[in-house]
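Anchor point for the sequence shown: position 68 equals 68 in our numbering, and the numbering is continuous, going up by one each time.
No lab work stands behind these hints: they were computed from the structure.
For clarity, every value in this text was computed on a predicted model and none was experimentally measured.
Errors might be hidden in some of the hints.
Derived lysine to any residue pairs resembling SDA-like cross-links, with alpha carbons at most 20 Å apart [unchecked claim]: (1) Lys2 with Arg66; (2) Lys22 with Leu104; (3) Lys110 with Pro29; (4) Lys22 with Gly109; (5) Lys22 with Arg143.
DEER-style ranges, computed between Cβ atoms [stated by the list, open to error]: (6) Ser117 with Met1: 19 to 25 Å; (7) Val70 with His30: 23 to 29 Å; (8) Lys2 with Arg97: 29 to 35 Å; (9) Asn78 with Ala15: 43 to 49 Å; (10) Asn78 with Ala145: 21 to 27 Å; (11) Asn4 with Gly109: 35 to 41 Å.
Glycine included, C-beta positions come from ideal geometry on N, C-alpha and C.
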Amino acid sequence: MKVNHRVRGIILCGADRILVIKRIKPKRPHYYVTCGGGVEEDDDTLEDALKREIMEELGARVRVLRKVLVIVRKLSRNFTLREHFFVCRLIDLNLARRSGSELLDPDRGKYLPYRLSLRPASFQRVDFRPAALRLFIAEHASRLARLPDLRTKRK
């Protein structure tokens, strides 16, 4: 059975906002997703893959804080998708650095950076995908921004 690993970033950009991608496809309602994509052979770690994907799609640099969720979906008898979700903090954003090939294909629609509010009244009004991540964020939104960086040594 083939397992495809993908990485996604829940990018904190303020006390109650996350940086996401607003997907606009022709003749379809828009929706919101976290930034990320496939792990490539050149990627040494899942975190390296995530940083590369975030740079390609958003032109952003992030500090990866920790993995918080793995969603596994069996897409066929011989194929499983394993998505690894990490909480990150935005360091900087420069759209001129974006380089993802998907950005150049008009048939794939638009990939617009969007600062999405985690406040329940706002978050519940948008079509945020996948549904399992939507539920996770809704349940843990107040705690996400307070996550410590586990890679920082404490004295």
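Comparing the hints with the structure gives:
no., hint, verdict
1, Lys2 with Arg66, "26 Å, violated"
2, Lys22 with Leu104, "16 Å, holds"
3, Lys110 with Pro29, "12 Å, holds"
4, Lys22 with Gly109, "10 Å, holds"
5, Lys22 with Arg143, "24 Å, violated"
6, Ser117 with Met1: 19 to 25 Å, "39 Å, violated"
7, Val70 with His30: 23 to 29 Å, "27 Å, holds"
8, Lys2 with Arg97: 29 to 35 Å, "32 Å, holds"
9, Asn78 with Ala15: 43 to 49 Å, "44 Å, holds"
10, Asn78 with Ala145: 21 to 27 Å, "40 Å, violated"
11, Asn4 with Gly109: 35 to 41 Å, "22 Å, violated"
Figure legend: structure checked against the earlier numbered hints; hints not met, in rising order: 1, 5, 6, 10 and 11.
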